[in-house]
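K.L.:
Residue strings, one per chain:
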Amino acid sequence: MARTDVLDDRLLMRRIAAGDRAAFHDLYERYVDLVYSMALKVVQDPAAAEDIVQDVFLRIWQRANQFDASRGRLATWLLSITRNRAIDVLRQQNRQRIAADAFDERRDDHALAAHWYAERDETVHLSLEILPPEQRRCIELAFFYGLTHQDIAAMLGLPLGTVKSRIRLGMRKLQAALREEQSKGPT
Amino acid sequence: MNISGNPTGQQEHTTLSCEMCASLLGLLALGALPEEEARRVKFHVSLCEQCRAELRRYEPVVEVLLYQVPLVRAPDRVRRRVAAIPETAGPAQRRRPVAPRWLWAWAVAATLALMIVGGWHVALLGQQRALRAQMSAQQDLVRLLLTPGARAVTLEPDGPAREVRAVLYYLDDRTGVLVVEGLSPLAQDQAYQLWLIRPDGRRDNGGVFRVEAAGTLTLHRVEPPSPWHRYAGVGVTVEPATGSPGPTGPRVLHGRL
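Protein chains in written order, with this note's numbering: chain A, 689 to 875; chain B, 143 to 399.
The hints are simulated quantities; they were obtained by calculation from the structure and are not laboratory data. In this text, a Cβ means the ideal position worked out from N, Cα and C, and glycines have one as well. There may be inaccurate statements among the hints.
What the hints assert, rightly or not - Below 25 Å or equal to it, Euclidean Cα-Cα: the simulated SDA-like pairs (lysine to any residue) are: (1) 861/A with 327/B; (2) 861/A with 850/A; (3) 861/A with 347/B; (4) 872/A with 202/B.
As the list claims (entries may be wrong) - Covered by chain B, according to a simulated footprint, are these stretches of chain A (three or more residues, beta-carbon under 8 Å): (5) 718-725; (6) 745-754; (7) 767-774; (8) 814-823; (9) 843-856; (10) 861-869.
Unchecked claim - Derived contacts from chain A toward chain B, CB cut-off under 10 Å, selection only: (11) 728; (12) 742; (13) 762; (14) 764; (15) 782; (16) 830; (17) 837.
Please construct the entire structure, taking both the sequences and the accompanying hints into account.
P.N.:
And the structure:
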C-alpha cells in the first residue's frame, strides 16, 4: 500500500508536468487537507491559509517537474514548501509574534498528520510529546513561526542561552529517539 | 578544525570551531538562527565535511516536525479554488507570478510611488531584488548541504586574490550554489562572472554576481545550461556589469569538477 502510494505520487507529478488535469485533481484531493492544515497552523488565519493553499497548488500545476522523487516523499515536499510560504507571509505582514501568540498548546481533537501518515506509510514517525513542554514549545515557535532564538527569548522572557539550550537539547533528543525507532524497524 | 566564520569583514575575524558549530546545527536546521549567525555557520559547514554530515543527520528530525500539524479538512471553498487552477492558470509549466490579493495591492501601491518619486525607488527595488536573490541562494545552499550526494569543489584564487575562499556546491540535477568570501567589490560598471568550462574548452555562462562590501560572504545561485557532469571546470573573471558572451577580464578563481 505505502509503496503504491509513493509510485502513484511520482506518476501523478509526471502527468501533471505534462498538463494532465485529471492527475492534478487526484493530487489535490489527496493532499489539499494536509497543505491547508500546515498553512493554517502557521498563519492562524483561515483566509490567509486559503491564499497559501492556492499558491502552493498553483506552483505544483506550473512547476510539477521541479519535484525530485529521489529527495523524498511528495507529502514532505508539500509540507515544506507550504511552511516556507506561510512563514514568508507572516514575515511580510510582521505577524510572526501575533501568530505565535495565537498558537494554542492544547492538543485539540484533530489527529496529527503524523498519526495519519504512520498508518499508511511504513516509515517511522514520532511525536513531539516525547519532549519536555519547554523544549517542545521553543522548537515549535522556531519551526512553525520562523522565530529566531532571540525572538523566542524576548517572547518568553527567557535568557538567550536558555532558549538555545532547550532547542539544542530537544533536537538532539528527537534525533536519538528517531535513531532508536529506526533501529527497531518499520512500525 | 577551526574555520573563520565571520563573513561581514566589518569586525575582526573570529574562529568558529567545530564544537561551537555543532552546538548550533540543530538551530540552523530548524531555521532558528538570526541571518548573520546562520551565514557564519553555513560558511563553516560549507568547508567542513564533519559538520556537513552532522547537519544532514538533522534532516529526518525536520521531516518529523513537518508532520506535527493537526489535520484539518480544507473548506469546500478552498477545494473549489484549487480545482479551478488548471482553468484559470492556463497550461501547466507556464510561468506566471504567484501573488495573493494583498501582494497585488502592495504592488500597485509601490508602482504608483515609483512613478511619483522616480530614481530613488528604482534603486530600492534593485536592493530588494538582490536581497531576494541572496535568500533564494541561501535556501538552495541549505538544501544542498542536507542532500546526500551533493558535491563540493574548492576554487583556487588567482593573482592577488590570495585571501579569497570559495566553494562550489552542486547536484547533478543542475542545482548549484557558489559560496565566496573575501572578493573585493568592483566598480559599478563591473561584475564577477562565473564560467562553466566544457572538456573541449568552451565556456558556458554561469551568471554574474556582485560583492556588496569587502570581505562579505556572497552566495551565487547557479543554473547551468547543461547537467554538471558535462563540465570539467569552473572559473570566475571580472566582466562588465551585464556580463560577457565570453571571458574578457582577469580570472580571479578557478577549479576542476
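K.L.:
Count the residues of the region 718-725 of chain A whose Cβ falls closer than 8 Å to any Cβ of chain B, and tell me whether that reaches three.
P.N.:
holds (count 6)
K.L.:
Is the interface hint satisfied for residue 728/A? The criterion is a beta-carbon contact with chain B at less than 10 Å.
P.N.:
Since chain B brings a Cβ to about 6 Å from residue 728/A, closer than 10 Å, the hint holds.
K.L.:
Could you check if residue 830/A really has its C-beta closer than 10 Å to a C-beta on chain B?
P.N.:
holds (4 Å)
K.L.:
For the region 814-823 of chain A, do three or more residues have a beta carbon lying closer than 8 Å to a beta carbon of chain B?
P.N.:
Three-residue rule met by the region 814-823 of chain A, so holds; n is 3.
K.L.:
Can the hint on residue 762/A be confirmed by a CB-to-CB distance to chain B that is less than 10 Å?
P.N.:
Violated. Min distance 12 Å.
K.L.:
Go through the hint on residue 782/A and say holds or violated, using the shortest Cβ distance to chain B against 10 Å.
P.N.:
violated (13 Å)
K.L.:
For the hint on residue 837/A, does the least C-beta distance to chain B fall short of 10 Å?
P.N.:
Holds - the Cβ of residue 837/A comes within 10 Å of chain B, reaching about 5 Å at its closest.
K.L.:
Keeping to a limit of 25 Å between CA atoms, is the pair of residue 861/A and residue 850/A held or broken?
P.N.:
holds (16 Å)
K.L.:
How about the region 745-754 of chain A: do at least three of its residues have a C-beta closer than 8 Å to a C-beta of chain B?
P.N.:
holds (count 8)
K.L.:
Does residue 202/B lie within 25 Å of residue 872/A when you go C-alpha to C-alpha?
P.N.:
It holds: about 16 Å lies between the C-alpha atoms, which stays within 25 Å.
K.L.:
Please check whether residue 764/A passes as an interface residue: C-beta within 10 Å of a C-beta belonging to chain B.
P.N.:
Given a least distance of 5 Å, the restraint on residue 764/A holds.
K.L.:
Hey, residue 861/A versus residue 327/B, does the alpha-carbon distance stay inside 25 Å?
P.N.:
violated (44 Å)
In summary, the structure is inconsistent with hints 1, 3, 13, 15 from the numbered list given earlier, while agreeing with the others.
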